[in-house]
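These protein sequences, in sequence, are chains A and B.
FYI, in my numbering the residues of the first sequence are 14 to 436.
FYI, in my numbering the residues of the second sequence are 38 to 270.
Treat the hints as calculated values from the structure; they're not laboratory data.
Some clues are possibly wrong.
Under the rule of at most 35 Å between Cα atoms (straight-line distance), these lysine-lysine pairs were calculated in the DSBU-like manner [said to hold, decoys possible]: (1) B:Lys153 to A:Lys35; (2) B:Lys135 to A:Lys37; (3) A:Lys428 to A:Lys35; (4) B:Lys169 to B:Lys223; (5) B:Lys257 to B:Lys223; (6) B:Lys120 to A:Lys428; (7) B:Lys198 to A:Lys35; (8) B:Lys223 to A:Lys336; (9) B:Lys66 to A:Lys336.
A short list of chain B residues far from chain A (calculated; beta carbon distances all over 10 Å) [stated by the list, open to error]: (10) Glu40; (11) Lys42; (12) Ser47; (13) His56; (14) Gly78; (15) Asn161; (16) Ser177; (17) Ser180; (18) Gln183; (19) Thr212; (20) Thr213; (21) Ile247; (22) Tyr249; (23) Asp258; (24) Glu259; (25) Lys265.
Stretch by stretch, here's where chain A covers chain B in the computed footprint (C-beta under 8 Å, at least three residues) [said to hold, decoys possible]: (26) 86-98; (27) 107-116; (28) 120-127; (29) 133-147.
The C-beta atom is built at its ideal place from N, Cα and C for all residues, glycine as well.
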Amino acid sequence: MNSIRFLFDKNTWQEIFGSIGKNKTRTIITVIGVLWGIFIYIALAGAAKGMDNGFEKNFETVAKNSIWAWSQSTSIPYAGFKTGRQLRLKVQDAIVLKNRIPEIQYIAPVNTKGAFGGASALTVRGIKSNSYAVYGYFPEIAKIATQKIYDNGRFINDEDIAQARKVCVIGDRTQQELFDKEEDPIGGYIRVENIYFQVVGVHKFTQTTPFGTDGDIFIPFTTFKKLYNTGDDSQFFTIAAYDDADVVQVEKDIKAVLRSIHKVHPEDERAFGAFNLGEIFNKIMGFADGITFLSLIVGIATILAGVIGIGNILLISVKERTKELGIRRALGATPREVRSLIILESVFLTMIAGVIGIILGAGVLSLINNLTKDINFPYTNPTVPIPYVLGALAIMIILGTLIGSIPAQRAVSIKPIDALREE
Amino acid sequence: MIEIKDLHKSYKMGSNVLHVLKGINFSVKEGELVAIMGSSGSGKSTLLNILGMLDVADSGEYTLDGVPIKNLNETKAANYRNKFLGFIFQSFNLINYKSALENVALPLYYQRVPRKERQAKAMNYLEQVGLKEWSHHLPSELSGGQKQRVAIARAMVAEPKVLLADELTGALDSTTSYEVMDLIQKINDQGNTILVVTHEDDIAHMCKRIVYLKDGVIMKDEKVKQIKASAYV
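Excised from the complex, chain B in its bound form (with noise of 0.2 Å):
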């Protein structure tokens, strides 16, 4: 599903070049569950924004289901962004003036998806992340698990072909974190591709594969034994 070879990027601070990623070489298979983990400054974020066509990086190979990423301009990057890829961040990022149904229709609209299908897919989803009922709050009035079960949803609606999780938990307690990633096995279980880029070790271990960066190289790519996040809820 997604290959890298040997991938670097380094930014410029001023007159430092800072060199976040040394050559980075990976692959995911369909269904697998990754987590990235690392300390912050290894670079793991920006892994995940070059998989998510976020950023570019300066040298490397980077296919997407067999097609290869580059030369992306932002038009190119927003289509394959829509297309490929499901987003779900730490801090959740709906729209606050949209409901939790209209934000995840969003992706739709942008696929041009005609209205009334969208909204049945979207309620769909919502159905699936257990918040039908809530379908037309608006993103304030819901807690913060339930805000990124929204987000879940709408990252799953377009039918991406890799989901890409960053922190997903990071603004959530360990209770309500569970029961996101017990909802990320579930989606994982019916066959979708995540990642999950994460600096909490009991995170890592409910994903199925762990990768652990350091200083911008790869230290350890590793199969884990999946513990259920079901067993803590």
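Chain A on its own, in the form it takes in the complex (with noise of 0.2 Å):
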């Protein structure tokens, strides 16, 4: 109760600026000390988490547990089977797939014509004429890797599969080569390896799959079946697997269900290939994570030294004023009020220089967020939560007044009266 009226008594402060302002220079320098500390923890600590919201906003457009799986050909010999055997996936796998993982959440087979080397599609409308590379697509695609399909078109639906029809999804450059400007590109007929298809959709190019331009046309599974008759074959699986997955084990998983259904030898690696975007987006927020906990330990560690400088100033200053505050103790001060003062002056210096240096850092911060703004940067929205600052000042609280408390304890071990000798 008596400490808490100290605290909030006019005098006390009045009593603590009058000895601060005593030696302005070395109260400047003692702030920097911190202030630097607490703006580079700040910074630090913004910084990374900038980075984290920036990798979060590159992933935002595809499921981040996210599968491509494909065959390739077998290198061990099983079953009565040569080495060497080239695989081709059934889009039957898919639902054994399904049935047998159940982390999996979507499972989708693509066909695709010209993606990965190969021919594209020859396609014209009108006198305009491109080639592009076209999917054979399922609506669960969508799910897995988020399409931005602009307004009036919409992407390929579940009739589009079961009858098989002859609608595609173009991309906007597909939109700009073969249309006119202010020609609405829903509902035209574009012809695509000899076969008109009716426009139903464009879409907006984002970097959701590891492959794909802005020049490329999708169309119904069913319908890129018929149209370069590949049977049940599928080129790749896109799968999503369920949130709380653990997508290393899931890829495994599928693997070794494609093994068994494809009778290949159970250690034969080479046979199907996979790229697990889920893993690359864990090793990456990872390595965020890792930034973040770096520049936790390095800020803190920077207002240690710099709280550290403060203690060191003061005993200093305590020393200088051995006589004054013998004068102090002389004229009435009891060993609390004295410890108190000291005390309180490190606390004070240590936050007025928290606070500056708070600014000071989230000034920076969004100076570098408008400087990377409008470059390709994994840089977004740097902010410091809440509770770091938080933390940071209950942190320079608590080091504020364990470090005032050596200088305040030894400015009351020295007896008045020989504190009052000293010259």
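If you follow the hints, you should be able to join the two separate chains into one complex; please do so.
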């Protein structure tokens, strides 16, 4: 109770300002020490968070636990088959995978022409023509890798699949190259490999898959099958696991199931290939977490160094003020009052430095944010979480008190009579 | 006001024990102006420090205004000093970054007197020592005599039972010394009890009573005819 009153007493603060203001240069230099610490802490933590957000943003259009799986050729002879057997994924495999591996949320077989080398499809509209990669898609693709479709348009739906409709979703480059500027492509017809398709949507290209361009043409999987006579074959599967699934294990399970379906040696690692975006994402986020952690450690260490600096300066200050403190005690200051004065000075200096450091740090973060806005750099909205800021302030108050109590104890350990003799 | 019985004090200096006070018996009544005289090493400063509760006696009794002063811890001593005693030092001991007014008001701060009241009171005492115009000056802007007068105002402001002055004219020339002593005499004439430690004969004779200390014992304790310092000013 008494200490609360002491803390909120105007007189206490006047005494503190009096003694702080006495040596301005020293006070400023001391403050800069802690200020620098908290500034580094805020700037680093914020930058790490910005990078974190940047990575998140880069991945936001794609399911963070998606896997692409494809077939290759065997490398171990098995079950009477020779090595080097070319494997081909079947559409039915997707159903088996979905049934056998409960972690799979969506699975969609894909066929393409021209996406991975090979001739792309000649596409003609009137006198305009060009060649584009064609994808046979299921509607589920949109749930695995978000498809941005311009207004009025739509993505491939289940009816398109069921009836093998000759509809397509084109890329915005395709639209520019095949349609006039004012023309509405929706409902228009383009000829892909001698078959006419009606355009039902235009997709805005975003890097949602490890492949793809802004000229890709999407058609229903079933239509693709007819067009290119692919039968039950599928070039690759696009798979999304549930959010809480272990994507590395899911990838292993997928390969194991595929090996059993296709009678491949259980240890043949080269029979099926997979691109595990989830794993890469986890690695990048782990890296970002590492940076955050590192920045936390560096920041706190710098704050610590700054606070120790304050303690150091206050020790010198107490030594210099021995006589003054002796006078105060001769005039009736109790040891407790002297101690509180020194500790409050320490805490006050630390807090002032902390608040200025936080403000400067926030300023620099927003400056960096503005500078990196227009360039392709994974850095978005670099904020420092409030708990971090409060935590830093709490650490500073605690450290300020602890460090301040050393010179405070020194100040009261000298008897007033000895303090008065000090010259 | 002050009662002292068989006061002993010794200091350990390495393996030697220096017996400074060897059984002091002495009392001071209210309104007295007592000079404690003696050469250096006679124990007069030690006596004053014990009276001022800045130092503790090894044995003996000390009663101040009826309160037995014993078993002091630092906090208790600080509170007693604040309540009972006013200090005047040879080297003034003003806080150099505080103005004259703030210096005078400081003892009241430790008595938790509100700021306004504190300043009014301090100004009142500064006026009494003739330094009202100098209230906002720092000690470095004051002359020695002015500094000592600020110190006297500071010692007075808490209205202590006893003023303790340790060689208060030691750092001043004789004219200034007499001016300061004139002030001390006036304060005494108002009924305040004052103890002055000095080794200067003329200063001692401006008091009403002289206690001679030699080698830790009282040699002589006599009432003297007070010489008015105003005669020299």
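Against the structure, the hints come out as follows:
1. B:Lys153 to A:Lys35: Distance ~23 Å between Lys153 (chain B) and Lys35 (chain A) Cα, so the pair holds.
2. B:Lys135 to A:Lys37: 15 Å, holds
3. A:Lys428 to A:Lys35: Given that 35 Å is the threshold and the Cα spacing comes to 24 Å, the pair holds.
4. B:Lys169 to B:Lys223: 18 Å, holds
5. B:Lys257 to B:Lys223: 26 Å, holds
6. B:Lys120 to A:Lys428: 19 Å, holds
7. B:Lys198 to A:Lys35: Given that 35 Å is the threshold and the Cα spacing comes to 33 Å, the pair holds.
8. B:Lys223 to A:Lys336: Roughly 30 Å separates the two Cα atoms, so the pair holds.
9. B:Lys66 to A:Lys336: With a Cα-Cα distance of about 32 Å, the restraint between Lys66 (chain B) and Lys336 (chain A) holds, given a limit of 35 Å.
10. Glu40: 22 Å, holds
11. Lys42: 22 Å, holds
12. Ser47: 15 Å, holds
13. His56: 18 Å, holds
14. Gly78: Since the minimum Cβ distance to chain A is about 16 Å, Gly78 (chain B) lies beyond 10 Å and the statement holds.
15. Asn161: With a cut-off of 10 Å, Asn161 (chain B) remains clear of chain A, as the shortest Cβ separation is near 18 Å.
16. Ser177: 12 Å, holds
17. Ser180: Correct as stated: the minimum Cβ-Cβ distance to chain A is 20 Å, above 10 Å.
18. Gln183: 18 Å, holds
19. Thr212: 26 Å, holds
20. Thr213: Thr213 (chain B) clear of chain A: closest Cβ-Cβ about 22 Å, beyond 10 Å.
21. Ile247: 25 Å, holds
22. Tyr249: The assertion about Tyr249 (chain B) holds, with a minimum of 24 Å to chain A.
23. Asp258: 25 Å, holds
24. Glu259: Its Cβ never comes within 10 Å of chain A, the nearest being 29 Å, so this holds.
25. Lys265: 30 Å, holds
26. 86-98: Per the Cβ count (4), the hint holds.
27. 107-116: Coverage by chain A holds for the segment 107-116 of chain B (4 residues, Cβ < 8 Å).
28. 120-127: That given contact holds, which follows from 3 residues of the segment 120-127 of chain B lying within Cβ reach (below 8 Å) of chain A.
29. 133-147: holds (count 8)
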